[in-house]
Structures are given as structure tokens and as C-alpha cells.
Amino acid sequence: MIELQHVGKSYGDKTIIADLSFTVERGAFCAVIGPSGSGKSTSLRLINRLIDLTSGTIRVGGEDIMSLPPEQLRRRIGYAIQSVGLFPHWTIEDNIATVPRLLKWSEAKVKQRVEELFALLQLDPATTRLKYPHQLSGGQQQRIGVARALAADPDILLMDEPFGALDPLTRQSLRTELARIHKATGKTILLVTHDIDEALELGDVIAILRDGKLVQFGTPADILAKPANDFVRDFMGGASLGLKLLSLGHVRDHLRPDAAEGIAVPADAPLTEALSQMVLRRTDRLPVKDTNGKPAGSIFLSDLVG
Amino acid sequence: MSKRSLWRDPLIWLSALFVFFLVGMSLLRPVFAWAFPTIQPPIYGGDSFLMLWLFHAGLVIVSSLAAAIVGVGAAIVATRKAGEEFRPLLEALATIGQTFPPAAVLAISVPAFGYGAVPTFMALFLYGILPVLKNSLAGIAGVPEAVRDAGTGMGLTPWQILRDIELPLAAPTILAGIRISVIVNIGTAAIGSTVGAITLGTPIIGGLVSDKISYVIQGAIVIGLFAILTDMLFERLDQRLRQFAARA
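These protein sequence lines map, in sequence, to chains A and B. Numbered by my numbering, the letters in the first sequence go through residues 1 to 306 in order. Numbered by my numbering, the letters in the second sequence go through residues 307 to 554 in order.
Simulated from the structure, these hints should not be mistaken for laboratory data. Hints are not guaranteed to be accurate.
Said to hold, decoys possible - Mimicking DSBU-like on lysine-lysine, the simulated pairs with C-alpha atoms at most 35 Å apart in a straight line are: (1) A:LYS104 - B:LYS387; (2) A:LYS14 - B:LYS387; (3) A:LYS226 - A:LYS213; (4) A:LYS131 - B:LYS387; (5) A:LYS14 - A:LYS104.
To be verified - Interface residues of chain B toward chain A, partial, derived using beta-carbon atoms under 7 Å: (6) ALA452; (7) ASP455; (8) ALA456; (9) GLY459; (10) MET460; (11) THR463; (12) LEU473; (13) PRO478; (14) ALA482.
All residues carry an ideal CB built from backbone N, CA and C; glycine is no exception.
In isolation and in its complexed conformation, chain A is listed as follows (with noise of 0.2 Å):
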């Protein structure tokens, strides 16, 4: 769990954060957006001490970070950013042993947990563990960023925009492979980002920041629903708004038993993907598959705005 109460930054009489207060519950994905400069990035560095507050308290599984020296309040939490900052020096398995090797781990537990990151993350050990960042591309870089993550098994996983610098078909990968990571562990996941469908896709919570405030604080479904102002409906996606709501939707919560003609969507897809197939083939209904591919049922035009 992750609680910031009354959390304000400021440098001088320059204020980056003021007041900021909200709380992510244990096992919950939260992310983190607004425009550039909002104070999204220096929120999530506040809570690992890699800035220090000016006013407020933050507490992380009910401690205040505070009463730890920062660098055993880092061990414990998960940290992970859009430049990786793998090092160089260090093969993938010693970047990934980091902090493990830090807390002092013997040398057996690590080498075990080291495996278990490989498999929790596809990645192949015998052809990465002894390479050299460098020899990895971008997308395998940041998978090994997150795996050093999450190495300690920390409670927490703090990560700035960490699929920012990536290619969209890789970004969508990862992203995947994100959610299926939270599902698998049950981590505290506070995600920053400037990528509405990013945040729409992955967070449980969405928080909105502007100009160092929250601007509204809530589920997907009820931010796009009930956007607390202009500014919030016009970042969310303004005109389009209808069809973010749209994708938070599945084929399956929406299936009839009738039969349709044509090739079939899969039963776990959003509803904008069924939106979409319905506009290119010129029908409003379209026959759904299950995840075997076989026959599930369809799904109708009107049903998606039901």
C-alpha cells in the first residue's frame, strides 16, 4: 500500500507538487498521468527518497519512509525508468542480481531467483544471462530493466514512463506482459505515464495530475464516465472519449447466442476491436470465438452501446 498525505515539493518558491494526496492500495495497478511538467515524475521519485518531500507524508506498507535510511527504504521497493539504466559493465545476470546481492542474499537464493525472473519474463537464459546490455535491443533492455525490478521480490514497483522509448509494437508487448506480471504477482504497481491509453489499459486507479494537483483520482470506467472537468475530458481524448470507454469493455461480457455470419472475433478482445470489425465489414453483428477458436456466440451493433 502506498499513501501520500498532504505531499508537497518545492524548490524555493517554485512549487512542483502541492498538496498531493491519494492512496493505492495493496495489489493495486495505479497509474500516473498528466502533460509534461504536471509533477507526475517527481511524485513517484518522492517516494523512494530520491527527492525529499518539503511538506506532507508518504508511507509505503504503512511505514513512513521517513523513519528508514533511504538507501534500505530503495532496497525494498521496486524502481524502474524509461532509460533503463542497466550497467554497462555488468552482465544481465549481475544487473538483475543488483539488488539481491545488496540485501546480501546467498549466492544459491540468487542464482535461483535470477531463474525465475528469466522464466517470469520469457526471457531465454541460456542465450541472455551472461550477455552485456548492450548486445540487447531496446525492448529487451527494458524487460530486464523491470526484471531488476523486481529481483528482491519488493512489495512495491515504482516505474517512470518505462515503455516511453520503444517502438509502438514492442511498447504494446511489454505492456501485455506487464499486466500479465501484476496479475501473476499481486505487486503494488505505481506507473507514470503520458500515454492515456497506457493508463487506461494496465491501471485499476488512474490518478490525473496537473500543475502538481490532483485533478481526479478513480477507476478507468469512472474517470471516462464522469471526467471532473474540461481539462480531464479533453486529456482523456475530448470527441473520443466514447471510444476509450468503449475499450475497457470485452467481447465476452457482451455475447449473444444467436449465430452471425463471417470471421470471428475473439471473445476476449475490447469492444473497439468488435466496433471496428463491424465498420470495415459493413455489418452490425459479428460471430465470436472463444479461446480454443471455438464457436462462443456474437455479438450485436447495439449491444456495444447497451
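With chain A's structure known, arrange chain B on it following the hints.
This is chain B only, laid out in the frame that chain A set:
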């Protein structure tokens, strides 16, 4: 390295040649006697070349070591948060300092430290700091900010960041600075003979003063080989280091 290629290694050949000149210069007596019939004796007859080299190398090693420690140390201090303010000053000092010719530094140190090995040592030491300082500052500053940020964010202490991240990544650049410092000092130490230090420059200075050109040649050959060999050794060390570090 296989046996075959070992014998093709120029370092081995040059080392052998160097040792020959150090201990077997007298074997070349007929050659120098033939080339310079008027010079008696044709081979420099003061301290043996081995002895001169030991003095010379000792002076270079001690002064360069001291310069390396001070140079790297100052760069570390200037790149810490607490020493930030000194950084522009040190950078300016290192740059301006290197515009002085080493011989001028030697000339200045005589009135301050008198004659003999001490002013030579001081000149070599002071002049040797500059390239080390300059390269160490650049090397540490060249460590990507993201790497430092990730390290700090994962809970490395400032000391661990310095020891495990900054110094290994800056090592090739720092080594390049030490290399310049040592090579310049090998040359400058020879000029130290003008202020009374015993070095490989002694036969050169003596030969110039007494118009015995063969002594100048003998001294110059040994110093030249010494400098080339040292540079080659640094080259090897640099390659080694790059295998382990600086994969950025």
C-alpha cells in the same frame, strides 16, 4: 596467445632490444668508435645505463603514482555533491596548467626546491596531475545519468555508486590520462638532469655540454625505447580494461 604469435609480438622484440641497450651498450663500442672516431671513449662512461634507467624509472614511477592518486582523488571530490563548487576551478586549472611546457615547470621548481632529484620530482608530480585530473573528471562525468539514477534508486550507497559504477566505467578514460602523464614524465625526467637529477638524460646533457654526440645518441635511444615500451604496455592494459569495462 599461441607460441607462434608470441614470437611475432613486437613487445617481446622491443623489450629484448631495450634490455640489450641497457646492459650491453659496451658491445657496441666498435660501432660508435667507427662512427665517431674523435670521441674518446665512444661509449658514455659514467653510471651504467642500467643504473641510470633505474633512477629514471624510479623518479617517473613515484611521481606519476603520486600524481595519479592526487589527480583521481581531486576528480572524485569535485564530482561529489559536496565538492561540486570546486569543479569549474579544477577544470580551468587542469586546462591552463597543460599549456605550460614541462620544461618551464622544471625551471620554476628549481628556485623553489633547489637542485637535484627533488625539484625534478616536484615538477613531474605537479605536471603529471593535470592530464589525470582532466581525464578523471571527464570519465566520471561521462557515466550516463540514467545509470547513476537507477543505481541510487535501487539502493546503492554513494560509496557503492563510486566504487562499482563510476570508477569502473571511467577506468579507460582515467587510464588514458595516467598514460599521458607517465609518457610526458619519461621525457621530462630526462631534462631533470639539467638541474642535477641522475637520469637517462645525464649522458645526453653531458654529451651536449662536452660536444660528445655519441653519448646523446646512446641516451636518446634508451629513453626512446623506454617511452615506446611503456606506451605499448599501457596499450595492452587499456585493451584488457576495455574487455571488462566501458561496454556502454
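Checked hints:
At most 35 Å may separate the alpha-carbon atoms for a hinted pair to count; LYS104 (chain A) and LYS387 (chain B) meet this at roughly 28 Å. Straight-line distance between C-alpha atoms of LYS14 (chain A) and LYS387 (chain B) comes to about 22 Å, which keeps the hinted pair within the 35 Å bound. Simply put, LYS226 (chain A) and LYS213 (chain A) have alpha-carbon atoms about 19 Å apart, close enough for the 35 Å limit, and the pair holds. Taking the CA atoms of LYS131 (chain A) and LYS387 (chain B), the gap is near 33 Å; set against the 35 Å cutoff, the hint holds.
For the proposed pair LYS14 (chain A) and LYS104 (chain A), the alpha carbon gap of about 41 Å is over 35 Å, so the pair is violated. About 3 Å separates the beta-carbon of ALA452 (chain B) from the nearest beta-carbon of chain A, less than 7 Å, and the hint is met. A distance limit of 7 Å between C-beta atoms decides the matter here; for ASP455 (chain B) the minimum to chain A is near 6 Å, and the interface restraint holds. Interface hint status for ALA456 (chain B): upheld, as the beta-carbon distance to the closest one in chain A is roughly 3 Å, under 7 Å.
Of the supplied interface hints, the one on GLY459 (chain B) holds, with its beta-carbon coming within about 4 Å of a beta-carbon of chain A, less than 7 Å. Interface restraint check for MET460 (chain B): the shortest CB-CB distance to chain A comes to about 5 Å, inside 7 Å, so the restraint holds. Checking THR463 (chain B) against chain A by beta carbon gives a least distance of about 5 Å; that is within 7 Å, so the hint holds. Taking 7 Å as the C-beta cut-off, the interface hint given for LEU473 (chain B) is violated, the closest approach to chain A being about 10 Å.
Below 7 Å, beta-carbon pairs count as interface contacts, and PRO478 (chain B) has none with chain A, the closest being about 10 Å; its hint is therefore violated. Violation of the interface hint for ALA482 (chain B) is found here, the shortest Cβ-Cβ separation to chain A being roughly 17 Å, above the 7 Å cut-off.
Taken one by one, the earlier hints fail for this structure at numbers 5, 12, 13, 14, listed in ascending order.
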